[in-house]
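**Student:** Sequence:
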Amino acid sequence: MTDAPALPVVWRPRTTRIVAYATAGVVVLGMVVLAVVVAPQFKLFDRVLMVLFALGAAWVLHMLARCRVAADASGLTVVNAFRTRRLEWPEVVDADMTVGEPWPTLDLADGTSLGAMGLNGAERDRCAGQLAELRALLVRHGETTGPGPGPGA
Numbered sequence: 001m002t003d004a005p006a007l008p009v010v011w012r013p014r015t016t017r018i019v020a021y022a023t024a025g026v027v028v029l030g031m032v033v034l035a036v037v038v039a040p041q042f043k044l045f046d047r048v049l050m051v052l053f054a055l056g057a058a059w060v061l062h063m064l065a066r067c068r069v070a071a072d073a074s075g076l077t078v079v080n081a082f083r084t085r086r087l088e089w090p091e092v093v094d095a096d097m098t099v100g101e102p103w104p105t106l107d108l109a110d111g112t113s114l115g116a117m118g119l120n121g122a123e124r125d126r127c128a129g130q131l132a133e134l135r136a137l138l139v140r141h142g143e144t145t146g147p148g149p150g151p152g153a
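Mapping to the working numbering: the sequence shown position 15 is 15, numbers consecutive.
Please note: incorrect hints may appear among the correct ones.
Per label pair, the in silico range of CB-to-CB distance [stated by the list, open to error]:
(1) V10 / S113: 30 to 38 Å
(2) V60 / P5: 30 to 38 Å
(3) P90 / E123: 24 to 32 Å
(4) R47 / A109: 27 to 35 Å
(5) S74 / D46: 32 to 40 Å
(6) R14 / S74: 21 to 29 Å
(7) D46 / V139: 51 to 59 Å
Think of the hints as simulated: they come from the structure by calculation, not from any bench.
Here the structure is a predicted model, which is why all the values come from computation and not from measurement.
Ideal placement from N, C-alpha and C gives every residue a C-beta, glycine not left out.
Build the full structure now, drawing on both the sequences and the hints.
**Tutor:** Following this line, the structure appears as structure tokens:
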């Protein structure tokens, strides 16, 4: 069993952030260049809309890149693309991730579940380690009695 990390700790996907921010930069830069050199039949309004579209796409990519799971002494903060949720330790019963899932699911005491996009299954080994650390913290601080199956179970 993995030892629980020292608190506070923040888990976030590395590859997702790199790809999202690089893509956002390329899209914005490309649209700005295109708006400047585009054919003369495009009016100023059209050019501004092209740049605004690129900025909107960059905002969506930023929202995906900001995902994280933060643990401190009082509980977890799960920051997903468009929603942030604060959970006290006893509220989180378990963290589970089966084969093919893009991120783990937190089982909550009220019977609902919450995806934790901050632990990204695309980074297989890294995600497995982060999930093991999260489970160790759940055992230490929550009401979980032991580790569940690992990623890929």
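**Student:** All the hints need checking, so say for each whether the structure fits it.
**Tutor:** Evaluated hints:
Between V10 and S113 the CB atoms are about 22 Å apart, so this pair departs from the stated range of 30 to 38 Å. Evaluation of the 30 to 38 Å hint for V60 and P5 yields a pass: the beta carbon distance comes to about 31 Å. At about 29 Å, the CB distance of P90 to E123 agrees with the hint of 24 to 32 Å. Checked against the hint of 27 to 35 Å, the pair R47 and A109 fails, with Cβ atoms roughly 53 Å apart.
For the pair S74 and D46, the supplied restraint of 32 to 40 Å is violated, since their beta-carbon distance comes to about 51 Å. Between R14 and S74 the Cβ separation comes to about 26 Å, which falls inside the hinted range of 21 to 29 Å. In this structure the hint that D46 and V139 lie 51 to 59 Å apart at CB holds, the actual value being about 58 Å.
When each numbered hint is compared with the structure, violations occur for hints 1, 4 and 5.
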